[in-house]
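> With these hints in hand, go ahead and build the complete structure from the sequences.
These protein sequence lines map, in sequence, to chains Z and P.
The numbering used here applies: residue 1 is where the first sequence begins, and numbers increase by one.
The numbering used here applies: residue 1 is where the second sequence begins, and numbers increase by one.
Among these hints, one or two may not hold up.
[Stated by the list, open to error] Here are the simulated lysine to aspartate or glutamate pairs, DMTMM-like style, with alpha carbons at most 25 angstroms apart: (1) Z:K147 with P:D116; (2) Z:K145 with P:E83; (3) Z:K146 with P:D152; (4) P:K135 with Z:D183; (5) P:K81 with Z:D245; (6) Z:K146 with P:E83; (7) Z:K223 with P:D115; (8) P:K81 with Z:E151; (9) P:K81 with Z:D150; (10) Z:K147 with P:E8; (11) P:K71 with P:E8; (12) P:K94 with Z:D224; (13) P:K94 with Z:D174; (14) Z:K223 with P:D116; (15) Z:K221 with P:D164; (16) Z:K11 with Z:D245; (17) P:K94 with Z:E184; (18) P:K94 with Z:E198; (19) P:K81 with Z:D174; (20) P:K94 with P:D115; (21) P:K81 with Z:E198; (22) P:K94 with Z:E160; (23) Z:K146 with Z:D224; (24) Z:K147 with P:E83; (25) Z:K145 with P:D164; (26) P:K94 with Z:D183; (27) Z:K146 with P:D116; (28) Z:K147 with P:D152; (29) Z:K223 with P:E8; (30) Z:K149 with P:D115; (31) P:K32 with P:D116; (32) P:K138 with P:D164; (33) P:K135 with Z:D182; (34) Z:K149 with P:E83; (35) Z:K149 with P:D116; (36) Z:K146 with P:D115.
Since the hints were made in silico from the structure, they are not lab data.
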Amino acid sequence: MSLEPFNRLVKLAARAFYDDVTIKGENQPKTGRGDNRGMAVIVLDALTRRQWVREEDLAKALKLHTKQLRRALRFFEEEKLVTREHRKESAKGAKIFNAAIAATGDSQQGTKEGDEKMKMHMHSYCCLDYAQIHDVVRYRMHRMKKKIKDELDSRNTIQEYICPNCGRRYSAFDALQLVSMDDEYFHCENCNGELVAESDKLAAEEMGDGDDNARRRRREKLKDMLQKMEEQLKPLVLQLARVKDLPAPEFGNLQAWEARAHAAAQASGDSNAGDSSKNPQAQGYSGTPMPFLGETRVEVALSGVEAKEEIELDTKPTSIKVLPPWMIKQGMNLTKEQRGEVKPDVKVEQSSFSVDEKKSNMDKEDEKSLQDEYLKAYYAALVKRQEEQEASKKVPQDVELAKNVSEAPFERHVGMKSKREGDNDDVEWEEEAPSTGNSGQSYRLADLNVEADASDHDDDEDGIDWEEG
Amino acid sequence: MFFHITLERNMQLHPRHFGPHLRDKLVAKLMKDVEGTCSGRHGFVVAITGVEDIGKGLIREGTGFVTFPVKYQAVVFRPFKGEILEAVVTMVNKMGFFAEAGPVQIFVSNHLIPDDMEFQSGDMPNYTTSDGSVKIQKDSEVRLKIIGTRVDATEIFCIGTIKDDFLGVINDPGAAA
Numbered sequence: 001m002s003l004e005p006f007n008r009l010v011k012l013a014a015r016a017f018y019d020d021v022t023i024k025g026e027n028q029p030k031t032g033r034g035d036n037r038g039m040a041v042i043v044l045d046a047l048t049r050r051q052w053v054r055e056e057d058l059a060k061a062l063k064l065h066t067k068q069l070r071r072a073l074r075f076f077e078e079e080k081l082v083t084r085e086h087r088k089e090s091a092k093g094a095k096i097f098n099a100a101i102a103a104t105g106d107s108q109q110g111t112k113e114g115d116e117k118m119k120m121h122m123h124s125y126c127c128l129d130y131a132q133i134h135d136v137v138r139y140r141m142h143r144m145k146k147k148i149k150d151e152l153d154s155r156n157t158i159q160e161y162i163c164p165n166c167g168r169r170y171s172a173f174d175a176l177q178l179v180s181m182d183d184e185y186f187h188c189e190n191c192n193g194e195l196v197a198e199s200d201k202l203a204a205e206e207m208g209d210g211d212d213n214a215r216r217r218r219r220e221k222l223k224d225m226l227q228k229m230e231e232q233l234k235p236l237v238l239q240l241a242r243v244k245d246l247p248a249p250e251f252g253n254l255q256a257w258e259a260r261a262h263a264a265a266q267a268s269g270d271s272n273a274g275d276s277s278k279n280p281q282a283q284g285y286s287g288t289p290m291p292f293l294g295e296t297r298v299e300v301a302l303s304g305v306e307a308k309e310e311i312e313l314d315t316k317p318t319s320i321k322v323l324p325p326w327m328i329k330q331g332m333n334l335t336k337e338q339r340g341e342v343k344p345d346v347k348v349e350q351s352s353f354s355v356d357e358k359k360s361n362m363d364k365e366d367e368k369s370l371q372d373e374y375l376k377a378y379y380a381a382l383v384k385r386q387e388e389q390e391a392s393k394k395v396p397q398d399v400e401l402a403k404n405v406s407e408a409p410f411e412r413h414v415g416m417k418s419k420r421e422g423d424n425d426d427v428e429w430e431e432e433a434p435s436t437g438n439s440g441q442s443y444r445l446a447d448l449n450v451e452a453d454a455s456d457h458d459d460d461e462d463g464i465d466w467e468e469g
Numbered sequence: 001m002f003f004h005i006t007l008e009r010n011m012q013l014h015p016r017h018f019g020p021h022l023r024d025k026l027v028a029k030l031m032k033d034v035e036g037t038c039s040g041r042h043g044f045v046v047a048i049t050g051v052e053d054i055g056k057g058l059i060r061e062g063t064g065f066v067t068f069p070v071k072y073q074a075v076v077f078r079p080f081k082g083e084i085l086e087a088v089v090t091m092v093n094k095m096g097f098f099a100e101a102g103p104v105q106i107f108v109s110n111h112l113i114p115d116d117m118e119f120q121s122g123d124m125p126n127y128t129t130s131d132g133s134v135k136i137q138k139d140s141e142v143r144l145k146i147i148g149t150r151v152d153a154t155e156i157f158c159i160g161t162i163k164d165d166f167l168g169v170i171n172d173p174g175a176a177a
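Shown next, in the form of structure tokens:
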């Protein structure tokens with residue numbers, strides 16, 4: 001089950017329909033100080049990166065006021081994009097949720113300590129309802145099209161009739177009085193002439209009447225609008241078509257999801273406690289929380305690979321600020337701001353590599369292609385490395401080898417990895433398993449243009465991995 | 001759409017009804033007066049379901065008639081724009097067809113009939129599709145959508161369309177016979 005197409009759908013829909021939506025309370029004056037247009041899009045985007053999320057956590061992550069966020073979410077709930085659940089819970093209940101979050105590879109710093117103090121508070125959770133979003137978007141498009149088409153076909157207009165003799169006009173409401181028993185036409189009340197339907201006349205001899213002119217202009221406008229709509233919503237339509245036959249991601253309600261996430265965590269054979277307590281430190285604030293389902297992480301669970309993957313995940317969000325795919329256009333150069341901005345936030349663990357990092361930072365000012373290359377090299381090294389790991393568990397030599405293969409920015413990872421490996425044993429690797437799905441995902445997100453390639457590439461790599469493992 | 005609402009009316013009762021069955025007489029007269037009428041505001045009064053309250057009568061000077069304020073509950077029928085109704089076709093001509101849904105007259109003009117239906121004149125004028133599978137003639141039952149209403153003080157007239165999804169003939173009198 002892949003979230004990606006659905007997330008893309010949500011993002012496109014958000015930009016198409018909710019871009020200029022202002023979210024404000026009923027009692028707030030129209031000239032409120034904050035013009036929060038675009039907030040809707042941000043909230044939806046954030047939700048695509050999460051599953052069930054506590055609203056307070058989301059607010060914190062988005063640096064929004066809880067009230068504001070709640071208002072936005074209520075709006076989305078009315079729009080049927082989001083499902084929400086409210087429940088009264090103690091600190092313990094919150095912990096269950098935290099455990100579930102941790103189990104999905106997510107970690108939210110700061111919430112842990114706060115939760116201990118809470119006593120039976122009402123907590124709200126929210127989650128995208130992908131199946132419903134699919135329907136809602138489709139329905140919305142259908143209604144839009146229908147409305148314009150109806151008006152174009154003048155489907156709902158009242159027919160008017162004109163007497164060609166005396167020029168008197170009648171509307172269809174007068175029909176009952178106009179019927180004559182003699183023939184099948186309407187007859188004028190004044191002169192008993194046969195009435196002509198107005199649109200027929202219009203078609204017959206384009207009258208230069210001002211009224212008609214206005215009507216024709218309106219028609220033009222409608223046609224134009226319809227055309228524009230079709231043109232501008234094309235990506236959305238395509239995405240809808242792509243998603244049509246895919247099963248929508250289903251998270252179930254909050255309890256079910258928690259239970260599932262918990263079970264999945266148990267199945268993966270490591271303790272939640274260790275994960276959740278360790279990760280916050282490891283990830284820091286810069287780590288984008290991307291909880292994924294249990295299934296995703298089962299996909300790639302080769303011993304030895306995970307550690308590497310984990311490192312990639314760690315560095316990904318920090319080294320490259322993930323650009324949403326629709327923002328990246330052909331030939332667009334990713335600047336330093338887009339990638340290096342988050343750099344200083346790297347983990348404490350990596351502090352020893354800060355010098356390297358500065359250097360790599362500079363390197364990364366280059367084009368995207370470098371990034372691709374880097375990834376390719378990385379994967380190559382990954383395979384190689386795994387091979388060697390099978391043969392001997394000696395690390396340092398591998399690093400040297402890998403170093404030769406990889407580019408400059410890559411060095412850092414390898415180096416770091418070796419260090420980590422020295423510290424941690426096998427259990428550690430298994431625990432990182434969930435993040436494998438993530439790394440591929442974030443890579444794809446970062447680079448829309450090579451999206452298809454990337455996924456192919458991924459698959460290939462996976463195949464090799466399996467064969468060799 | 002049907003509504004069950006409470007209405008009020010001042011009833012004038014002739015002095016000859018004053019007696020043991022005054023109330024019954026009053027209610028009977030109310031039904032006779034009100035049922036089947038149409039008010040622009042509430043629509044057609046279909047039936048009176050109950051009398052809630054009869055106020056104190058007031059004797060009119062000079063005539064001897066007594067006026068009672070009566071509160072009663074009634075089922076009313078009022079067509080709305082956008083409403084879907086089922087109606088019986090009463091007349092078909094070149095300009096379209098007329099149909100009745102209870103007391104309401106509805107006119108469907110020919111440009112609100114699907115384009116694939118053509119008018120066939122003759123003994124039994126009708127609108128028929130080119131393959132002849134669907135036929136609208138007198139006494140056909142059609143499902144239509146109201147796109148306009150004209151509400152007078154005593155009359156409601158509607159314009160309908162069958163040019164939309166799921167609208168059109170719902171039973172064919174010819175086939176049933």
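> Are the hints correct? Go through all of them and say.
Consistency of the hints with the structure:
1. Z:K147 with P:D116: holds, 21 angstroms
2. Z:K145 with P:E83: The given pair, whose Cα atoms are some 21 angstroms apart, holds under the 25 angstroms limit.
3. Z:K146 with P:D152: Roughly 32 angstroms between the alpha carbons, so the hint for K146 of chain Z and D152 of chain P is violated.
4. P:K135 with Z:D183: holds, 21 angstroms
5. P:K81 with Z:D245: Given pair K81 of chain P, D245 of chain Z is violated - Cα atoms ~38 angstroms apart, limit 25 angstroms.
6. Z:K146 with P:E83: Distance ~17 angstroms between K146 of chain Z and E83 of chain P Cα, so the pair holds.
7. Z:K223 with P:D115: holds, 20 angstroms
8. P:K81 with Z:E151: holds, 16 angstroms
9. P:K81 with Z:D150: Roughly 15 angstroms separates the two Cα atoms, so the pair holds.
10. Z:K147 with P:E8: violated, 41 angstroms
11. P:K71 with P:E8: holds, 5 angstroms
12. P:K94 with Z:D224: Roughly 34 angstroms separates the two Cα atoms, so the pair is violated.
13. P:K94 with Z:D174: Roughly 16 angstroms between the alpha carbons, so the hint for K94 of chain P and D174 of chain Z holds.
14. Z:K223 with P:D116: holds, 23 angstroms
15. Z:K221 with P:D164: Status holds; Cα separation ~23 angstroms.
16. Z:K11 with Z:D245: holds, 19 angstroms
17. P:K94 with Z:E184: With Cα atoms ~5 angstroms apart, K94 of chain P and E184 of chain Z stay inside 25 angstroms; holds.
18. P:K94 with Z:E198: holds, 15 angstroms
19. P:K81 with Z:D174: holds, 17 angstroms
20. P:K94 with P:D115: Within the cut-off at roughly 14 angstroms; holds.
21. P:K81 with Z:E198: holds, 22 angstroms
22. P:K94 with Z:E160: Given pair K94 of chain P, E160 of chain Z holds - Cα atoms ~15 angstroms apart, limit 25 angstroms.
23. Z:K146 with Z:D224: It holds: about 15 angstroms lies between the C-alpha atoms, which stays within 25 angstroms.
24. Z:K147 with P:E83: holds, 17 angstroms
25. Z:K145 with P:D164: holds, 14 angstroms
26. P:K94 with Z:D183: holds, 9 angstroms
27. Z:K146 with P:D116: Holds, at about 19 angstroms.
28. Z:K147 with P:D152: violated, 29 angstroms
29. Z:K223 with P:E8: violated, 51 angstroms
30. Z:K149 with P:D115: holds, 15 angstroms
31. P:K32 with P:D116: Not satisfied, since the Cα-Cα distance of roughly 46 angstroms exceeds 25 angstroms.
32. P:K138 with P:D164: Between K138 of chain P and D164 of chain P the Cα gap is close to 21 angstroms, so the pair holds against 25 angstroms.
33. P:K135 with Z:D182: holds, 23 angstroms
34. Z:K149 with P:E83: holds, 20 angstroms
35. Z:K149 with P:D116: holds, 18 angstroms
36. Z:K146 with P:D115: Judged against 25 angstroms, a Cα distance of about 17 angstroms means the pair holds.
Hint violations for this structure: numbers 3, 5, 10, 12, 28, 29, 31, all remaining hints satisfied.
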